[in-house]
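There are 2 protein chains.
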Amino acid sequence: MQTLTVDLGDRSYPIHIGAGLLGRPELILPHLAQKRVVVVTNTTVGPLYLARLSGVLEAGGIAVENVVLPDGEAYKNWETLNLIFDALLIRRAERRTTLIALGGGVIGDMTGFAAACYQRGMPFIQIPTTLLSQVDSSVGGKTGINHPLGKNMIGAFYQPKLVLADTDTLKTLPARELSAGLAEVIKYGLIWDAEFLGWLEANMDKLHALDPAAISHAIHRSCEIKAQVVAQDEREGGIRAILNLGHTFGHAIETGMGYGNWLHGEAVAAGMVLAAQVSQHLGWLAEADVVRTRALIRAAGLPDTAPDLGLDTWLDYMGHDKKVEGGKLRFVLLKKLGEAVVTGDVPAEVLAGVLTAPH
Amino acid sequence: MQTLTVDLGDRSYPIHIGAGLLGRPELILPHLAQKRVVVVTNTTVGPLYLARLSGVLEAGGIAVENVVLPDGEAYKNWETLNLIFDALLIRRAERRTTLIALGGGVIGDMTGFAAACYQRGMPFIQIPTTLLSQVDSSVGGKTGINHPLGKNMIGAFYQPKLVLADTDTLKTLPARELSAGLAEVIKYGLIWDAEFLGWLEANMDKLHALDPAAISHAIHRSCEIKAQVVAQDEREGGIRAILNLGHTFGHAIETGMGYGNWLHGEAVAAGMVLAAQVSQHLGWLAEADVVRTRALIRAAGLPDTAPDLGLDTWLDYMGHDKKVEGGKLRFVLLKKLGEAVVTGDVPAEVLAGVLTAPH
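Chains as they are written, first to last, in this note's numbering: chain U, -3 to 355; chain Y, -3 to 355.
Hints are supplied without guarantee of correctness; some may be wrong.
Just so you know, same-sequence chains aren't split out, so a pair can sit in one copy or run between any two.
Pairs of lysine-lysine residues, derived as BS3-like cross-links and limited to a Cα-Cα distance of at most 27 Å, are as follows [what the hints assert, rightly or not]:
id, residue 1, residue 2
1, 157, 202
2, 167, 157
3, 31, 324
4, 324, 157
5, 31, 157
6, 167, 202
7, 331, 157
8, 157, 332
9, 202, 331
10, 331, 167
What the hints contain is simulated information worked out from the structure, not anything from laboratory work.
Note that the structure is a prediction, hence the values are computed from the model and not measured.
Extracted from the complex, chain U is given alone in its bound form (with noise of 0.2 Å):
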């Protein structure tokens, strides 16, 4: 097992990526403030996992209640989260009461962001269950759900008290979904770290492979270079920024497709390649660097292209985008590889060239 600590002062918590550890309630028993939990899950993860995590809390003397919710991005909003509320309000949970995630990205959230309303605010631990909920949301603090007009549009910063990265979960998951996280892990590679985009591509067979060790590695360094993003910004004024390399596009294409029929990871892979294409028609990339990129991704099962959305389409859903200021689109680009920037100086003919032109 690893263990990395996450710095946030008072809300400081750690992260342990490893085998088994589902199977350890020791690890989860300390961060309890009360002697009863109610774990958040889905159609999909419940049955896999559930029995496994209830009995051993149960044998630890916790008692556990659940919440089962219908799986899927598409399930991300108000109706779903309401059902959360609704179970904790039945069953009268209480402010101490722990709320616990078993899933991918969309439990996390939706689970992370009942837990900061609830009652103004519970604690909550995660136990992400895909690769891009171990390397995504084990760290940062970001929460919430979609609106019709926007992803994410509603949410809260709030912390988890724990993360427990069990990679065994990773065996039962799609081959497709285990590309999508490898597109976050790229991502970091791609925006901080060379070295480590090297070691990716050296690696690559063995991630597909789960190899526990390259598994962990690179999930330990994903959280590890997130950390130290989010520790300098945690409320994401500035650098944090960075961290959204390729998701500005991704998002217009996961809006532009319909949430869920593009994943995630596949969306920002295909973003981080506009991107890329961009930073090389700034000048900053050079053409091989884009190659070089270009094929990574696609070793790692994610598509390279995007979807021809249309100028207007593309421009429209990227206005909703966070990261919009003073009504100015600002973009993530890559002056090197290993090394992000955020500007808002990208040429109103660039932007159209690299969305209309042929890939």
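Since the structure of chain U is provided, determine the placement of chain Y on it from the hints.
Below, chain Y without anything else, positioned relative to chain U:
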């Protein structure tokens, strides 16, 4: 104009109290991060004050948009909150756009919660137009909405950048609502300041007449007491609970009688009498203290007798209160006039006696 600063480190903010403040944009402008605001108000307050506020802000070079919600506690729910989100998204409000709450406690609570959640947090300003909201919502950062199973169950702690309490707005407040606000003012005397309680007894006529000096003093002293308590306990772990004198009973009255049929302040007033009666049974208050409390509450134009909900209903609705801990009800009671305590040790027969005795 009197000014009070609520001291919360980097989230400190001023409360300005006085006549004619709505006409003084120079009090608002320095707090805007962007020359753009969205004002949230309701169908009662909007026609009275929205044009005036918008006019002075626009004269100051600010782009002003607005959302007018239906009026009443019955609308303090997700559906109404979502009208704010819809408007913010349709108008593409940004993270640094300021949301302004113009109205009473319901508008303030919902607007503050919308600000806390929109893009995970945008700045907001409170312009409370009722006495209750001027002395209650101005301090403490509590925001939220009701759930069919419980009042204020979904929300956030979120601080405004500024509170502007224009006492002129009280001239259009119905007498019944002025009285409801006086319930909270009396509460501050009961829990914290016996001298202020005496001042209230001596000045109740002036307060009903909206004597400018008297009403400003009552608001200022109330906010000051609340700020002292909240500064010690921002997120409601300890002493802050004393601010809920009468509220455990009051929430049960509001729920039992149907949201909105009893005003919050009326329910709290009757609840404070119950708390005083329990305190008398425990030997803390003399009968004369209870008589004096009831007389002041009646003088304020408030009910000093709770409705008969039936013991089971009382206990059921009180069990949903946020002050439940470890399944045990906790009560805010009075050690003496001017000093509150929080206790879980109320014998069941004392509670049952007070709740079911002829009042």
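Going down the list of hints, with the structure as the test:
1. 157 <-> 202: neither (31 Å within a copy, 52 Å between copies)
2. 167 <-> 157: Within one copy, since 26 Å is at most 27 Å while 49 Å is not.
3. 31 <-> 324: Classified as between: cross-chain Cα gap 15 Å, same-chain 49 Å, threshold 27 Å.
4. 324 <-> 157: between (36 Å within a copy, 25 Å between copies)
5. 31 <-> 157: within (15 Å within a copy, 38 Å between copies)
6. 167 <-> 202: within (14 Å within a copy, 73 Å between copies)
7. 331 <-> 157: Cα proximity of residue 331 and residue 157: none, with 36 Å in one copy and 37 Å across.
8. 157 <-> 332: neither (36 Å within a copy, 40 Å between copies)
9. 202 <-> 331: This pair counts as neither: shortest intra-copy Cα distance 29 Å, inter-copy 68 Å.
10. 331 <-> 167: neither (36 Å within a copy, 61 Å between copies)
Comparing the model with each numbered hint stated earlier shows that hints 1, 7, 8, 9, 10 do not hold.
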